[in-house]
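J.: Line by line, the protein sequences are chains A and B. All letters in the first sequence, in the order written, are residues 0 to 365 by numbering that gives the first Met the number 0. All letters in the second sequence, in the order written, are residues 0 to 365 by numbering that gives the first Met the number 0.
Worth flagging that the hints you see were computed from the coordinates, not collected in a lab. Treat the hints loosely; a few may be bogus.
Only some residues are given here: those of chain B computed to face chain A with a beta carbon under 7 Å [unchecked claim]:
{"#": "1", "residue": "S145"}
{"#": "2", "residue": "T164"}
{"#": "3", "residue": "Q185"}
{"#": "4", "residue": "Q188"}
{"#": "5", "residue": "V258"}
{"#": "6", "residue": "G263"}
{"#": "7", "residue": "V336"}
Pulled from the structure, derived: some chain A residues nowhere near chain B, Cβ distances all over 10 Å [said to hold, decoys possible]:
{"#": "8", "residue": "R25"}
{"#": "9", "residue": "V59"}
{"#": "10", "residue": "D79"}
{"#": "11", "residue": "L180"}
{"#": "12", "residue": "S221"}
{"#": "13", "residue": "M246"}
{"#": "14", "residue": "I272"}
Just the calculated beta-carbon pair ranges, DEER-fashion [to be verified]:
{"#": "15", "chain 1": "A", "residue 1": "Q351", "chain 2": "B", "residue 2": "E262", "range": "55 to 61 Å"}
{"#": "16", "chain 1": "A", "residue 1": "S2", "chain 2": "B", "residue 2": "E262", "range": "38 to 44 Å"}
{"#": "17", "chain 1": "B", "residue 1": "P315", "chain 2": "A", "residue 2": "P176", "range": "30 to 36 Å"}
{"#": "18", "chain 1": "B", "residue 1": "G324", "chain 2": "A", "residue 2": "S318", "range": "51 to 57 Å"}
Quick reminder that beta carbons are idealized off the backbone N, C-alpha and C, glycines included.
Listed below are the residues making up each chain.
2 protein chains.
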Amino acid sequence: MTSVPEDINTPEIMIDREVLGRNIERMAAAVQSKGLKLRPHVKSHKVPEIAALQLAAGAVGLTVATIGEAEVFVGRGATDIFIAYPLWVNPRQGQRLRLLSTRARIAVGTDSVEAAQALAANLGDAANDIEVLVEIDSGHHRSGVSPARALQVARAAAGAGLRVTGIFTFPGHSYAPGMPLKAAEQEQQALGEASELLASSGFHVARVSGGSTPTAFLTGTSSITEVRPGVYVFGDAQQLELERCTMEDIALTIAATVVSRHEGDDLTPRRVILDAGSKIIGGDRPAWATGFGRVMNHPRARITALSEHHATVVWPDGSDLPSLGELLRVIPNHVCVAINLVDEIALVSNGQVVDRWRVAARGRNN
Amino acid sequence: MTSVPEDINTPEIMIDREVLGRNIERMAAAVQSKGLKLRPHVKSHKVPEIAALQLAAGAVGLTVATIGEAEVFVGRGATDIFIAYPLWVNPRQGQRLRLLSTRARIAVGTDSVEAAQALAANLGDAANDIEVLVEIDSGHHRSGVSPARALQVARAAAGAGLRVTGIFTFPGHSYAPGMPLKAAEQEQQALGEASELLASSGFHVARVSGGSTPTAFLTGTSSITEVRPGVYVFGDAQQLELERCTMEDIALTIAATVVSRHEGDDLTPRRVILDAGSKIIGGDRPAWATGFGRVMNHPRARITALSEHHATVVWPDGSDLPSLGELLRVIPNHVCVAINLVDEIALVSNGQVVDRWRVAARGRNN
């Protein structure tokens, strides 16, 4: 198990190169063995060097969340990008999409007649240069529409001059205990239904896109053609607690120093305080999580509170409290928000920092 | 009420210049009228231009959380900085503190004998150039020690050659409904007790530092000399829901576009989806909060879920759902984490973007 190299300045995000490589290979092999295409979501890492590893392992292209992320990855050589988001495109964004479409194959999402019309209007004569996938709600109840309504949106998009080539969904309700299989079944059902409906109305549904890290190994193959998991490259405490990975699969941790130490008493918990807080770990905490992250090699320790620069770690009875100055590694609940907090990450191999990679798409929210 | 200027690209953080100025003046006047000194915590904004406004309004110096933040603000001319954190200082950090102490008056926190000794050892012959304040736990039970133990830490620090000039606490348990007054009373009690104990043992306790935005107007004056509120410059949904400010006092909002719109049915909520998610609003949500932030001018709307790039806003019955493409302004739960997500903010006055300020200390976690 990797310890914290001497030249790390805590708090700092470190990536285990071997675990990263193994995670990338395993997902690629698993998805390909099912006959599905892998289009990993790079919002989870925002690092061009990692995208290059994913493409080298057989990914057919990349998924991003924003036009800004697409610009960064196309700028670093990506040639096939899906902006898996129901964009509302204004003239400035239309211009940016036109430019992107001259440099790469670009697809975007839509989930309403109005958004499709705004997209077409602001793409102008480039409307046909960009592919459009209609977003389906498969049970997450965020964006996306029902299969029946998807046909209406697809017709409006085609009528406005856009090139409708498929459908997509995000089974985000898979992120809860006991939900991955159910969410994968609902995803299969909703995409299958929408796909048939569009096909029977004359659409060539070339791309049927689903997937998430919790469901990627469970995705049905009867209608789905590609999956878009993201978190799997690093793993995190949510995936650990959802039993989607083990501690050995955790590639991203936050190196932290014990700065305060308390044996506790009747009124106060037995705890250590780390110099890593929500400004590097990220504050995400689903109701079912056991804390604000986990501690590597200390499975019974619990992060019970997170301030901006302090993690309060309640320590298990029967186990010595770490010393002041000791270095620990925190596993964040959600890697996507953790990596978006730093400008670079330390790549570690065999206990040494072997490289630092820029988080090139950090903060590209629009 | 400010609307969203035409040249804002959503999602983007905008600051209302007039509200910001008013918040800065009001806190300065309130604190000074009590005979207290104001040393605002600049981790809440990380913007040198805002620190300059605070100093111009009478702040005696600045508070920061990390050595990196101190470096940014000293680099921009700050001359009196308190790193209100129980630092565990290694040789590299000792060197950075030595350098800072040649350019500004620097104070740091400590809460253990061991940390004080590590600090002194790594400052070397500069140990006496830096002031040390012992951190007291006034009820938040994070870092800090009891008044009795504070004396032990102060003696060890002085014995190691450090210049102990005071004590400090953070009444962080004030961040909950019904808690601000109780936390302020406990702060007063703990700081008073520790102050007396150190003074009766021969320490000159020049600085007794407390405060937070929820307690700043309630701070006792019998022993406390300065307060360190931070959030008050902007206000946020937490302060709103703790009844520490009104919507008129909110200076920072996230401009967002409605990208998806659903009238809802038996199974799904009536909602709009905004293009702002946890990567710009921040994911903080205390258990007592009504949601993941609030919506300006729509007090009954509730942000029930937050993904990285989507806010799900459940809309009140009897009020028209916003249109697709409509611009709304989100009030984040916690401004300190929101501003740390962006590289610059748009300063708005009378409906126009009048400047863009760099968040110069963004990401300076160590």
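J.: Against chain A, run the beta carbon of B:V258 and see if the smallest gap drops under 7 Å.
T.: With a minimum Cβ separation of about 4 Å from chain A (threshold 7 Å), the hint on B:V258 holds.
J.: Determine whether the Cβ-Cβ distance between B:P315 and A:P176 falls within the hinted range of 30 to 36 Å.
T.: holds (32 Å)
J.: Say whether it holds or is violated: A:R25 keeps its Cβ farther than 10 Å from all Cβ of chain B.
T.: holds (24 Å)
J.: Could you let me know if the closest chain B CB is still more than 10 Å away from the CB of A:D79?
T.: A:D79 is indeed farther than 10 Å from all Cβ atoms of chain B, at 21 Å.
J.: May I ask you to check that A:S221 keeps its beta-carbon over 10 Å from the closest beta-carbon of chain B?
T.: Correct as stated: the minimum Cβ-Cβ distance to chain B is 24 Å, above 10 Å.
J.: Once the closest CB in chain B is found, is it more than 10 Å from A:I272?
T.: violated (5 Å)
J.: Does B:Q188 pass the interface hint, meaning its C-beta sits closer than 7 Å to a C-beta of chain A?
T.: violated (14 Å)
J.: In terms of Cβ atoms, is chain B entirely out of 10 Å range of A:M246?
T.: holds (23 Å)
J.: A closest beta-carbon separation below 7 Å is what the hint needs, so does B:S145 meet it against chain A?
T.: violated (9 Å)
J.: Between the beta carbons of A:S2 and B:E262, is the distance compatible with 38 to 44 Å?
T.: violated (55 Å)
J.: Quick check on the hint: B:V336 CB to chain A CB, less than 7 Å?
T.: This interface hint holds because 6 Å falls under the 7 Å limit.
J.: A range of 51 to 57 Å was offered for this pair. Does it hold for the Cβ distance of B:G324 and A:S318?
T.: holds (55 Å)
Checked against the numbered hints above, the structure breaks hints 1, 2, 3, 4, 6, 14 and 16 and satisfies the rest.
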